[in-house]
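Chain by chain, the residues:
There are 4 protein chains.
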Amino acid sequence: MITVLKSNATDEQRNQLIKWFEEQGVKVHVSVGEFQTVLGLVGDTSEIDMDMLKLLDIVSDVKRISEPYKKSNRRFHPEDTIIKVPTKCEEEVEPGNVKDGFALCGGGNFAVIAGPCSVESEEQIVEVAKRVKAVGATMLRGGAFKPRTSPYAFQGMKADGLELLSIAKKETGLPIVSEIMNENHIDLFEDVDVIQVGARNMQNFELLKALGHTKKTILLKRGLANTLEELLMSAEYIMAGGNEDIILCERGIRTFEQHTRNTLDISAVPALHEMTHLPVIIDPSHSTGKASYVRPMALAAAACGADGVMIEVHNDPPRALSDGAQSLTPDQFDEVMSEIAKVREALK
Amino acid sequence: MITVLKSNATDEQRNQLIKWFEEQGVKVHVSVGEFQTVLGLVGDTSEIDMDMLKLLDIVSDVKRISEPYKKSNRRFHPEDTIIKVPTKCEEEVEPGNVKDGFALCGGGNFAVIAGPCSVESEEQIVEVAKRVKAVGATMLRGGAFKPRTSPYAFQGMKADGLELLSIAKKETGLPIVSEIMNENHIDLFEDVDVIQVGARNMQNFELLKALGHTKKTILLKRGLANTLEELLMSAEYIMAGGNEDIILCERGIRTFEQHTRNTLDISAVPALHEMTHLPVIIDPSHSTGKASYVRPMALAAAACGADGVMIEVHNDPPRALSDGAQSLTPDQFDEVMSEIAKVREALK
Amino acid sequence: MITVLKSNATDEQRNQLIKWFEEQGVKVHVSVGEFQTVLGLVGDTSEIDMDMLKLLDIVSDVKRISEPYKKSNRRFHPEDTIIKVPTKCEEEVEPGNVKDGFALCGGGNFAVIAGPCSVESEEQIVEVAKRVKAVGATMLRGGAFKPRTSPYAFQGMKADGLELLSIAKKETGLPIVSEIMNENHIDLFEDVDVIQVGARNMQNFELLKALGHTKKTILLKRGLANTLEELLMSAEYIMAGGNEDIILCERGIRTFEQHTRNTLDISAVPALHEMTHLPVIIDPSHSTGKASYVRPMALAAAACGADGVMIEVHNDPPRALSDGAQSLTPDQFDEVMSEIAKVREALK
Amino acid sequence: MITVLKSNATDEQRNQLIKWFEEQGVKVHVSVGEFQTVLGLVGDTSEIDMDMLKLLDIVSDVKRISEPYKKSNRRFHPEDTIIKVPTKCEEEVEPGNVKDGFALCGGGNFAVIAGPCSVESEEQIVEVAKRVKAVGATMLRGGAFKPRTSPYAFQGMKADGLELLSIAKKETGLPIVSEIMNENHIDLFEDVDVIQVGARNMQNFELLKALGHTKKTILLKRGLANTLEELLMSAEYIMAGGNEDIILCERGIRTFEQHTRNTLDISAVPALHEMTHLPVIIDPSHSTGKASYVRPMALAAAACGADGVMIEVHNDPPRALSDGAQSLTPDQFDEVMSEIAKVREALK
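Chains as they are written, first to last, in my numbering: chain A, 59 to 406; chain B, 59 to 406; chain C, 59 to 406; chain D, 59 to 406.
It is worth saying that the hints were derived from the structure and are not from the lab.
Here the structure is a predicted model, which means the values were calculated and not measured.
Just to be clear, a hint being listed does not mean it is correct.
Repeated chains share a single entry, so a pair holds when one copy, or any two copies, can fit it.
[To be verified] When the alpha-carbon atoms are kept at most 27 Å apart in a straight line, the in silico DSSO-like pairs for lysine-lysine are as follows:
| id | residue 1 | residue 2 |
| --- | --- | --- |
| 1 | Lys-274 | Lys-188 |
| 2 | Lys-77 | Lys-273 |
| 3 | Lys-128 | Lys-64 |
| 4 | Lys-85 | Lys-128 |
| 5 | Lys-406 | Lys-85 |
| 6 | Lys-188 | Lys-146 |
| 7 | Lys-157 | Lys-228 |
| 8 | Lys-128 | Lys-112 |
| 9 | Lys-121 | Lys-85 |
All chains, full assembly: derive it from the sequences and hints.
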């Protein structure tokens with residue numbers, strides 16, 4: 059951490075501040091310049107409140123040099139984390155890597171999570187599960203608890219939806235992914251393999267803490283207005299509780315552009331890969347809000363090194379109870395899968 | 059709702075769609091143009107999924123005409139809602155209106171909510187409470203459960219903090235305002251008069267639903283990347299549960315500008331006053347993140363018709379455990395109060 | 059400037075870099091820490107390319123400590139700049155300060171610039187000029203060259219519009235303000251007292267350079283996505299040419315919020331007052347895009363210490379050729395002026 | 059266009075408005091609902107001012123249905139436009155399509171524009187030109203006039219830089235691309251094959267108009283805060299003047315995220331392909347600001363169907379006079395080119 063003093067700071071004030079820093083256990087290196095003096099703080103500065111420092115009359119600026127995220131930081135954990143989700147599906151070829159009874163994500167292994175936005179009926183979820191499995195999806199997604207902007211909109215089938223997902227899991231062997239909105243529901247997610255935290259709950263710290271005490275893989279979606287650093291700080295909340303099985307998901311951020319529902323921040327893929335060892339997947343469905351943009355965005359994800367994609371697939375999109383406009387038909391999904399495979403093969 | 063058909067839609071397709079709309083209980087008025095046909099839908103269209111409609115081959119666009127918020131909509135409730143919070147303080151002069159045992163907010167009554175970001179000790183909270191009461195604050199704020207980006211940062215005194223707030227309430231008569239982060243904590247908030255929902259939880263729909271079943275006034279803060287319409291939809295979640303005592307709070311939105319912590323959207327005041335009957339207050343402390351900008355922003359709020367302000371005051375800002383950089387000293391707060399009073403008097 | 063070295067930098071590499079810095083004429087202070095070494099650079103670092111430095115293998119981060127703006131920096135020019143625009147109007151009372159033949163802006167003097175978005179006819183501009191002068195406007199605005207998103211929209215009366223403004227100036231004595239879009243038009247602006255640079259041209263550096271060589275006061279509007287620092291850097295372009303008569307104008311930034319046309323960044327007023335000695339005015343018309351929000355935003359501007367406002371007034375808003383929706387009638391403007399006067403009187 | 063009337067509009071008012079619309083030459087279809095009446099306007103509504111309409115007392119909302127861009131609209135020009143830039147290079151294999159003496163962009167042909175941010179010397183630009191040509195670049199870029207935020211930063215070699223580009227063109231046969239900042243410089247660009255309009259000048263309408271009267275291909279970059287629709291409206295300015303040879307370029311938009319210099323809006327590729335027939339290329343260098351993100355973003359561009367990329371390449375990035383941090387070395391560029399070729403081959 060660097061503390062810049064104003065030129066009007068007296069020697070006494072400066073020495074007082076240096077003494078205070080030393081009491082906090084950090085070493086101070088002083089650089090005296092013509093217009094300002096710079097204090098370089100060395101040691102564990104995580105307890106020092108930057109905002110407080112800035113308030114002092116003699117301080118002109120304070121800058122942090124090291125990242126505030128620790129357990130997720132690649133600096134201290136250089137190898138890619140590979141997430142392993144138990145599956146009953148057999149090993150498959152690219153894309154959608156499955157090995158030794160696990161669907162993998164990260165470290166060169168590409169996860170394909172597909173399924174409807176909302177679970178609507180046993181028939182629907184089982185049919186979609188079979189269809190997406192047939193062309194290489196490695197996990198089945200389906201919303202049971204749905205966060206909706208309006209209290210008057212369909213809120214999901216809730217616990218019944220989770221039961222239908224379990225049936226689809228039994229029928230196909232695919233591990234299942236579903237979103238949680240309330241820590242009190244954790245028990246209901248016993249048979250769910252990957253618990254999703256939605257964008258709106260990315261900074262629901264109470265929920266994150268509770269999930270840190272589970273043994274489930276967490277799929278953590280980036281909030282609509284959250285920085286990559288904040289995404290990693292939310293991962294830290296889960297990791298601090300002991301659960302280090304986290305998949306990060308970029309799903310579009312909110313910008314001034316209104317043509318697409320959100321703006322897919324594709325550069326989050328190389329950026330997060332540099333910052334963290336956790337795997338990063340892309341959700342081309344929610345980020346664009348348009349079925350016709352899902353294919354090109356999924357291919358972009360595969361080409362730029364994402365560790366997977368999460369795609370909405372519905373057997374009958376125009377009749378879907380939510381987010382129909384962005385869902386692919388199974389046939390369209392099939393085509394995307396075959397092109398993803400080609401891109402990944404080409405870049406091997 | 060308006061549905062625009064593509065020019066290539068056949069008469070049969072058009073009639074089929076019209077029939078489907080009529081089955082949903084809405085009347086359809088058809089305008090045939092040279093390049094496109096427009097269907098005007100009249101009646102309750104809240105059940106019709108716009109995104110789904112847009113997916114149909116023959117549909118080129120769908121536009122909603124009426125607002126999706128109902129209970130908070132000024133159209134159906136033209137008079138200002140006046141929130142009444144029980145207080146033991148006596149009637150006071152401007153600003154910070156107190157009448158008949160209630161601190162008021164809305165309909166020309168100006169609420170002044172002041173206090174430290176975090177409750178730190180009995181001595182601190184009682185001292186601040188006395189100081190802010192003396193110059194006209196009508197409610198005491200203090201954080202007990204603190205949402206922090208980092209799991210390694212101070213998380214608040216939790217239940218102990220709420221108890222200290224109760225002591226300050228007893229000593230001064232001021233009603234108390236504190237933030238909730240978890241529906242499981244509602245019982246702990248029994249003595250809290252106004253429960254705050256923070257920006258990060260504005261779309262924590264499970265929490266909103268739970269608060270809809272309480273009898274407490276809710277202070278609902280706008281999320282960092284949420285539109286005014288979404289803020290009202292979150293108010294709807296609370297109102298749909300039966301609790302209509304809501305104060306809306308603009309506290310800065312996230313933009314590209316980095317000089318201030320957030321960007322205070324001051325035009326939210328006239329905009330929300332047009333859209334809704336609920337009162338709207340401004341938080342100049344969190345929106346700017348700088349103590350020196352609090353005074354000008356509080357005066358702007360008073361001048362443009364806000365129904366109150368929420369200001370961080372700390373007896374010793376440089377030593378505050380959180381957000382010290384944006385807190386006023388009691389003396390600075392005193393000055394702001396006297397200037398707010400002048401502005402409000404001038405514009406009466 | 060601070061340069062942080064990676065822990066793997068060898069002593070030789072470090073010494074080489076230090077030597078290079080010293081060749082550039084800056085002194086280097088070294089702080090060796092456990093995990094990293096920090097080089098504090100003292101002296102004129104404006105020639106050192108931060109991005110280039112960051113590229114070096116041994117460098118982990120580079121941070122600038124001093125502001126890149128110089129002539130506009132309050133640090134080197136603590137007193138407020140007061141802009142003086144020659145006027146033939148007599149001295150007036152608050153608001154809209156006129157003294158000794160000059161309309162003033164800055165240093166406690168409040169400028170009121172009012173008039174139609176576009177000049178449409180002699181009758182229109184003269185009538186509006188008389189009306190706004192009567193209630194205290196100190197300058198007349200009127201667009202002759204209009205930047206329009208669409209090439210098919212009305213582009214202004216151009217040179218003819220400037221002549222009509224001159225007539226209105228002769229009739230009322232009010233100095234005139236009009237927007238320039240092309241450096242080749244500078245000669246046409248001879249009789250214009252304040253030349254406006256619109257938001258879209260804030261970083262049209264060629265235009266800024268050309269205006270730096272004129273003797274006119276420049277009204278520089280902040281771009282829709284420009285930071286406050288960039289606004290000051292654009293002012294530097296003009297000042298570097300020798301013209302230091304600049305009024306800064308906040309007119310709304312582009313955010314995700316769509317209810318208002320732009321988001322008025324009201325905290326730009328105290329922020330710019332801290333950063334620079336140049337005066338700062340607010341444009342409540344373009345920032346909100348709605349006539350009904352102009353009054354509350356103009357009052358907010360007056361209350362928070364802005365050095366003036368720029369308000370669109372039209373004698374017949376519904377028939378205005380551009381931006382009718384945000385224009386006030388002369389009667390509405392009258393009311394705003396009287397309330398601004400009250401607020402300024404109250405806060406004296 | 060749709061005009062929604064308020065429920066309190068009288069029959070007389072409604073009929074008056076309808077009569078006025080009919081005088082403007084548009085047909086009106088009326089849909090009377092319980093709460094509101096909707097007027098569907100059919101015909102050429104481009105002259106009707108939406109903002110003005112909204113101002114009327116009886117009007118509650120106005121919505122435009124058809125797009126405001128015409129010449130660039132794919133609706134009226136369904137086939138892809140293929141831009142042909144004369145070249146002396148021979149035909150090449152993928153990527154970077156050259157045929158019959160033209161470098162192509164659009165309609166399945168992929169343009170690769172590469173070169174340094176700034177032209178610095180003859181030796182530099184000729185060396186880079188040879189290197190990028192050798193691995194398949196089809197055009198050479200080099201900045202001669204540089205838009206810099208600070209007036210104190212290097213502003214480019216100007217006319218001398220253009221001459222050095224001509225030398226490099228002669229030596230290699232590659233067509234050249236360079237940025238213009240002032241319409242008065244058009245004559246200097248005689249030997250330049252593609253004139254670039256930078257992000258900051260995207261709405262410099264005077265410059266766009268002047269370029270509309272040239273015969274040069276224009277590379278139009280999206281502004282930092284401009285919507286896709288605005289980008290097309292700026293293309294309309296050029297096309298309205300008679301010049302329809304335009305390449306659109308997405309180069310990152312400004313958002314709250316600070317980790318990357320800008321946020322690459324990769325979904326602009328499929329979105330613009332749907333909206334317009336003009337080709338769309340991606341600039342992975344300026345959008346991310348980091349050399350290490352250029353490769354993954356260029357691959358994403360190739361995979362999602364972009365019509366080309368524009369990449370900064372410098373023979374000695376750490377010593378580059380501008381934007382060194384985001385430039386590739388020729389070796390790195392070589393690798394990106396070979397991977398782009400693989401992706402394009404795979405997706406053929």
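Requested in this report: Starting from the hint list further up, note which numbers the structure goes against and sort them upward.
Outcome: The structure breaks hints 2 and 5; every other hint is satisfied.
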